[in-house]
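My request is simple: use the sequences and hints to build the entire structure.
So the sequence shown is residues 1 to 360, counted in full-length UniProt numbering.
Treat the hints as calculated values from the structure; they're not laboratory data.
What you are looking at is a predicted structure, and each value in this text was computed from that prediction instead of being measured.
Certain hints may be false.
Here are the simulated SDA-like pairs of lysine to any residue, each with C-alpha atoms no more than 20 Å apart in a straight line [said to hold, decoys possible]: (1) Lys102 x Ile52; (2) Lys197 x His65; (3) Lys272 x Asp227; (4) Lys272 x Ile260; (5) Lys122 x Asn61; (6) Lys348 x Ser314; (7) Lys272 x Glu217; (8) Lys95 x Phe46; (9) Lys348 x Tyr251; (10) Lys132 x Gln121; (11) Lys197 x His73; (12) Lys102 x Ile248; (13) Lys264 x Gly214; (14) Lys310 x Trp341; (15) Lys122 x Ser69; (16) Lys197 x Trp250; (17) Lys316 x Asp344; (18) Lys320 x Asp337; (19) Lys197 x Cys208; (20) Lys310 x Phe350; (21) Lys122 x Ala194; (22) Lys316 x Thr295; (23) Lys310 x Thr295; (24) Lys320 x Lys272; (25) Lys122 x Phe90; (26) Lys264 x Pro218.
Ranges between beta-carbon positions, derived for each pair [what the hints assert, rightly or not]: (27) Gln268 x Lys132: 42 to 48 Å; (28) Gln222 x Thr55: 35 to 41 Å; (29) Ala134 x Leu345: 50 to 56 Å; (30) Gln268 x Asp227: 53 to 59 Å; (31) Thr101 x Arg230: 41 to 47 Å; (32) Lys132 x Lys310: 46 to 52 Å; (33) Leu313 x Asp227: 26 to 32 Å; (34) Ala134 x Lys283: 53 to 59 Å; (35) Leu313 x Asn235: 20 to 26 Å; (36) Ala282 x Thr123: 50 to 56 Å; (37) Thr123 x Lys283: 51 to 57 Å; (38) Ser308 x Arg230: 22 to 28 Å; (39) Gly54 x Tyr309: 34 to 40 Å.
Beta carbons: idealized from backbone N, C-alpha and C, even for Gly.
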Amino acid sequence: MTPIWAHAIHTEECARLLRESLQNVGIVPQSQEVSQRMDVRDSTIFEAILQILGTQLQTSNLQNHLPLSELSHTTYNKLHMLWNMSQESFFQIAKILRIKTKLNEYELHRRLSTLNYQIVQKTAVENWNLIKTALGDRNKKRRISSLTANSPVHLISAKSSQKGRKNSRFWEPRKPNMNTQTGLSPGVLEDLRAAEKSNGINVWNVCCFIRCLGLGEPTDFQHYGDDELRVNVENLTSLVACQAYRIIPWYESADRAWLIKTYKNYGQQFTKLCEESRHRSAKDTKSRGKTEGLTVENQLEFTDHGISYKVFLSLKMLNKLRTGAGSNIDNWTTMFDSFPWEFDLNQKEFVRSWFDKHVM
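The following block contains the structure:
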């Protein structure tokens, strides 16, 4: 299935980029080797890509979790044209941007991931007629009305306003109505959908966190049954360790940042869930007060704050070594300064608070 990219050069700006590339190649004397002429072309293309992405990614703005503007048709068409001319150049972009910009590693990757999402969405819309035909040929196409709330993708029709395509019907992905599943208010749901486009939010993972933590509604985990409580803890444990957070860990993810911004009681609910689950586990095994801290709840809490479990175990051991009588570490500032792991302010506050409540 070949995507429709021919229109990419049918704009004045795209044509200008193409002419500039050809002119630069023409500057090189005919006597020079072909490889040298190709190097000039690739250099021109590469600079054009950097200029376009620098604007779209707003690389001069160092703000963390910066929302990106919607990917315009003009920018999308330029990238299509440049991709067709030199795909290899795109595979070097991330490495070059790490050198040329002052963005931290996580923020740069968050913005690149968001841009990738925007490109994928526009490509699906542009090529829906081809996708629809391919699905139909394989008897895999379903009526839109048959899609349920559990379907991975919902599609809505929208007339294209592009010149020459007024009679065409295009489709764009849309998430199903989450109101009945998560209790999200219309305002929160609208903000979540907007954040999906501007920050690359993973809607499904975020909604799972909302449900498991009971965010946005009165929730008392003491009234939960043992199985329901255990399933919620297991679901969150699986989520924070899933493939989606392999490169950008959960603590640095746009998903967690959105939850904290939207729900002021996120941290409180997270702690309450783990505390209640920890309490019941200790009660069931009759080992409360004897545990060495090797619990899924401890691991989940520290992972949520971007602290590996190995670091947690080191902190626990250091606490024991420096407090023979079982009291807390006296000077946390000294400990943080001497510890090989670098803690940010939020992590320091969490560690102090956690060990104040859990003397081991």
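* Range agreement (Cβ of Tyr309 with Cβ of Gly54, hint 34 to 40 Å) -> Holds, since Gly54 and Tyr309 (Cβ atoms, about 39 Å apart) stay within the stated range.
* Asked: Hey, Lys122 versus Ser69, does the alpha-carbon distance stay inside 20 Å?
  -> 14 Å, holds
* To do: For the pair supplied as a hint, Lys272 and Ile260, confirm whether the alpha-carbon distance does not exceed 20 Å.
  => Roughly 16 Å between the alpha carbons, so the hint for Lys272 and Ile260 holds.
* Asked: Do the alpha carbons of Lys264 and Pro218 lie within 20 Å of each other, as the hint requires?
  -> Given that 20 Å is the threshold and the Cα spacing comes to 13 Å, the pair holds.
* Quickly compare the C-alpha distance for Lys320 and Lys272 to 20 Å and report which way the hint goes. => 26 Å, violated
* To do: With a cut-off of 20 Å on the C-alpha distance, tell me whether Lys122 and Phe90 pass.
  => Distance ~18 Å between Lys122 and Phe90 Cα, so the pair holds.
* Does the Cβ pair Gln222, Thr55 satisfy 35 to 41 Å? -> Given range 35 to 41 Å: violated, Cβ gap about 52 Å.
* **Satisfaction of hint between Asp344 and Lys316, Cα-Cα up to 20 Å** => Satisfied, since the Cα-Cα distance of roughly 19 Å is no more than 20 Å.
* To do: For the pair supplied as a hint, Lys122 and Ala194, confirm whether the alpha-carbon distance does not exceed 20 Å.
  => Roughly 15 Å separates the two Cα atoms, so the pair holds.
* Decide if the proposed pair is consistent with the structure: Lys320 and Asp337, CA atoms, cutoff 20 Å inclusive. => 18 Å, holds
* Asked: Does the Cβ distance between Ala134 and Lys283 fall inside 53 to 59 Å?
  -> 56 Å, holds
* How does the Cβ-Cβ distance of Thr101 and Arg230 compare with 41 to 47 Å: does it lie in that range? -> Holds, at about 44 Å.
Hints 5, 24, 28, 30 from the earlier list are contradicted by this structure; the remaining hints agree with it.
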